[in-house]
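With the hints as extra help, turn the sequences into a complete structure.
Chain by chain, the residues run as shown.
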Amino acid sequence: MILDYMTLKFIWWILVGALLIGFAITDGMDMGVGILLPFLGKSDDERRMIINTVGPHWDGNQVWLVTAGGAIFAAWPAVYAAAFSGFYMAMLLVLFALFFRPVGFDYRSKIESNRWRRAWDWGLFAGGAIPSLIFGVAFGNLLRGVPFYLDDMLRAHYQGALLTALLPLLNPFALLAGIISFAMLTMHGAVWLQLRTEAPVADRAKKAVTIMGLIAAACFAICGLWVAFGMDGYRIVTEPALGAMPNPLAKTVAVAPGAWLAIYSKVPVAILAPVAGFAGILLTILLSRAGRPGFAFVTSALGMTGIIGTAGLSMFPFIMPSSIRPNSSLTVWDATSSHLTLSVMFWAVVVLLPIVLAYTVWCYAHMWGKVTVAEIQARSHSAY
Amino acid sequence: MISPLLVELSRWQFAATAMYHFLFVPLTLGLTWILVIMESVYVMTGNEIYRDMTKFWGKLFGINFALGVTTGLTMEFEFGTNWSYYSHYVGDVFGAPLAIEGLMAFFLESTFVGLFFLGWDRLSKRQHLAVTFFAALGSNLSAAWILVANGWMQNPVGSTFSPQTMRMELTSFAQVFFNPVAQVKFVHTVAAGYVTASMFVLGISAFYMLRGRDMGFAKRSFAIAAGFGLASVLSVIVLGDASGYTLGDVQKTKLAAIEAEYKTQAPPAAFTLFGIPDDKAMKTRYAIDIPAVLGLIATRSTTQKIEGIEELKVKHEKRIRSGMIAYADLQKIRAGDASATTKAEFDAHKADLGYGLLLKRYTNDVSKATDAQIKQAVSDTIPWVLPLFFSFRLMVGFGFLMLFLIAAAFYFTAVRKIQNQRWLLRILLWAIPIPWLSCELGWFVSEYGRQPWAIGEVLPTFLATSSLTVGDLVFSLTGFIGFYTFLLIIEIFLMVKFARLGPASLGTGRYFGETGGSKPTLTASPEPSLTPAE
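Line by line, the protein sequences are chains X and H.
Per this note's numbering: the first sequence ends with 384, consecutive numbering throughout.
Per this note's numbering: the second sequence ends with 1534, consecutive numbering throughout.
Think of the hints as simulated: they come from the structure by calculation, not from any bench.
Only a predicted model underlies this, so the values are computations on that prediction, with no experimental measurement involved.
Hints are supplied without guarantee of correctness; some may be wrong.
[To be verified] Sample of chain X residues with no beta-carbon within 10 Å of chain H, all distances over it, derived:
(1) 14
(2) 200
(3) 266
[Said to hold, decoys possible] 20 Å max Cα-Cα, derived DMTMM-like pairs, lysine to aspartate or glutamate:
(4) H/1332 with X/151
(5) X/110 with H/1345
(6) H/1263 with H/1278
(7) X/42 with X/112
(8) H/1315 with H/1380
(9) H/1332 with X/152
(10) H/1263 with H/1317
(11) X/42 with X/375
(12) H/1318 with H/1347
(13) X/370 with H/1289
(14) H/1360 with X/151
(15) H/1315 with H/1371
(16) H/1497 with X/112
(17) X/42 with X/121
(18) X/110 with X/375
(19) H/1318 with H/1345
(20) X/207 with X/46
(21) H/1375 with H/1311
(22) H/1360 with X/152
(23) H/1283 with H/1307
(24) H/1305 with H/1289
Glycine included, every Cβ here is placed at the ideal spot set by N, Cα and C.
In structure tokens:
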């Protein structure tokens, strides 16, 4: 089957979104667990219990991040080029923080020293906290527009270097978006811990679900009001045919107040995304408090899907608007790969992703059940 | 214009992060298969010592694997962060194998590797063996896709430049996948990984035998590694990727540089065993030549010639001049010229556009470059010969040394006299770093030999960077080197600690150094039901 170019461009917007949501649900959970580790685990055994709930899975989960990166490279090379170098300092912070995770998980319990283990616990904390915050900050900055432009050779240029590039990214709106991301991933990790650990850690996790859920919902509401009344969005004025060869410089873009809400009047069903965001979080809090963490995990995933979906839909078709030369903005229609590449990659996903999901489920199923302190003590030489 | 220092630092950073990454990759590629062999023997015989072997070598595998994952993360994002123009220019082709690598291979490897470590009590014997197998398959598939991507950088087939989108675009995914350079690279690289893992297991097992401890454990591990290693080292040497060097101008230039072939010889060309290459004088001093060997290895014939640097330079100058025309036409097309004559002229010269871009280093207006600038660009097309010449010879020398060591290990294992060959055991212990040195030298030859190109004949390296500042790069390069070195020290500390501890680290109570008065030669079961697998 041959799909036309415009349809494929649209499908790839959905697929990249799906990979990011997959990342939040799986690896985001590990990051949440890492963030909670130093606070919910009061003894070494308790902390090992927490770590071993994700021990067999964190590495597979992290591949969602790697594959999302690869998919953006393949499907949106212009975005991969401009965003990753434009957010250079932020990307380095994320990478350096992520470095702590593989070694933290694998090395931590190999040495019986309290100092050694505490140090890696904080490493795992950093490996969860910094990326989850920065990913939100990055989304916040995408909504505000990024100070970059493309020259006539389509090379991306940016403003600032080192701190003068990093500090403007840490503006209040973006930080608020960062807190949403931090809180929702931590809530998600807490639900997982409530599900997979025994008391008293599970009870502490339950409290964390409520606190983090309330923070996420409140910040999501403030962000929504801010976008509606406090900042400008971007709007396409003229553009070539959507199925044309992608040329990011061929369109004209205007900055307009309220432009990020246009989609909700044009396609009213889009409102389901923010609704799912709020409903998912609130249901998660209720179900967690009712002692049903299994269902809470599903609603937590739904809530995160809603929140990420809201950010994506509000900007549609923009992916990376330019604040200094709006005409250089990158969109779903003009930042993409060729028709053939999108097609090849689409079929690769159609064939491979179900296989990935199938064996991932198989692995989770075989490791299912509560991780207990007794089990950790019995397998002290092999457990993380 | 891009700062030359920024380009230099970006190259150093990529080289450093890639070479650090490849300290961990080869062991992963090979040790996974050794684990599959050990565990298969366990499943077939039920002899517990093979399960302990799988677990113990698996522990060392894990210590290495953690840093492989850590340093691999950087590689996935570094094209975007530091080679932004590269990402734009070739992402349409280059991104696809990377993304498929994630979907097809890295998911497989990473999802199952966790169960390999932690699923022993949760899975049946056969299920666990399947898990080990899929982790091994995943890591090797991963190498296949990465080398498809890398092979395309050396020999960019299946794609064409589009002036509308100002980038390379895919024309045939099958050609990219079946790129002959990628194929030979894959075989050579994974086999080198198998040799690395074999040398690792041989060296550490030799250490136990020298100490007279855990003999049953050590001899069985040693035997498996010797058998696996012998097959692998023969593959590396016989299927060495010399045959890939005759494809495309970049590979030909690399071959000429590796062999210090300044002037084209009458076929079959002689192989220079040793000498001091002198780029200025265009000749190799103190050369020791072996007649005909190079021609036979590189072309598999006695009649095909191997082009020398002098001849290649003449060809490159022609291509640069043709590239100037392509560049001028490209400017016209981008400015809106849609005439058929411009398009026809551009199409006729577009294969040389990359050569035209080499002039960007010296002038912004490529189409008006002076003869002096063209001469500079021509001389840029040839990498510095001396480091390539020596790195290649050192790599090959190490390869033959390992062939000798592994063959000796295999022979003495087969005649059951290995524990008496203390000289060999000692050398094997000290030889553990050699496969790593060879791997790093091999990558240096492959990638430094590709210069001045990021993508052979398509995109010069100096154009491929991001628009960052020198300050950004100083910060990140320092950060990477500092962080990686810190982690490497911890990794080596743990590796040495657990290698010294040996199978006692499993806490089974059956091995040397554990409480319960175990004797140095204690084995897991009373007597093995099978002789060591070979």
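Hint-by-hint comparison with the structure:
no.: 1; hint: 14; result: holds, 16 Å
no.: 2; hint: 200; result: holds, 24 Å
no.: 3; hint: 266; result: holds, 29 Å
no.: 4; hint: H/1332 with X/151; result: holds, 16 Å
no.: 5; hint: X/110 with H/1345; result: violated, 66 Å
no.: 6; hint: H/1263 with H/1278; result: holds, 13 Å
no.: 7; hint: X/42 with X/112; result: holds, 17 Å
no.: 8; hint: H/1315 with H/1380; result: holds, 13 Å
no.: 9; hint: H/1332 with X/152; result: holds, 12 Å
no.: 10; hint: H/1263 with H/1317; result: holds, 16 Å
no.: 11; hint: X/42 with X/375; result: holds, 17 Å
no.: 12; hint: H/1318 with H/1347; result: holds, 16 Å
no.: 13; hint: X/370 with H/1289; result: violated, 69 Å
no.: 14; hint: H/1360 with X/151; result: holds, 16 Å
no.: 15; hint: H/1315 with H/1371; result: holds, 15 Å
no.: 16; hint: H/1497 with X/112; result: holds, 13 Å
no.: 17; hint: X/42 with X/121; result: holds, 12 Å
no.: 18; hint: X/110 with X/375; result: holds, 17 Å
no.: 19; hint: H/1318 with H/1345; result: holds, 16 Å
no.: 20; hint: X/207 with X/46; result: holds, 17 Å
no.: 21; hint: H/1375 with H/1311; result: holds, 14 Å
no.: 22; hint: H/1360 with X/152; result: holds, 15 Å
no.: 23; hint: H/1283 with H/1307; result: holds, 15 Å
no.: 24; hint: H/1305 with H/1289; result: holds, 17 Å
When held up to the earlier numbered hints, the structure conflicts with 5 and 13 and fits the remainder.
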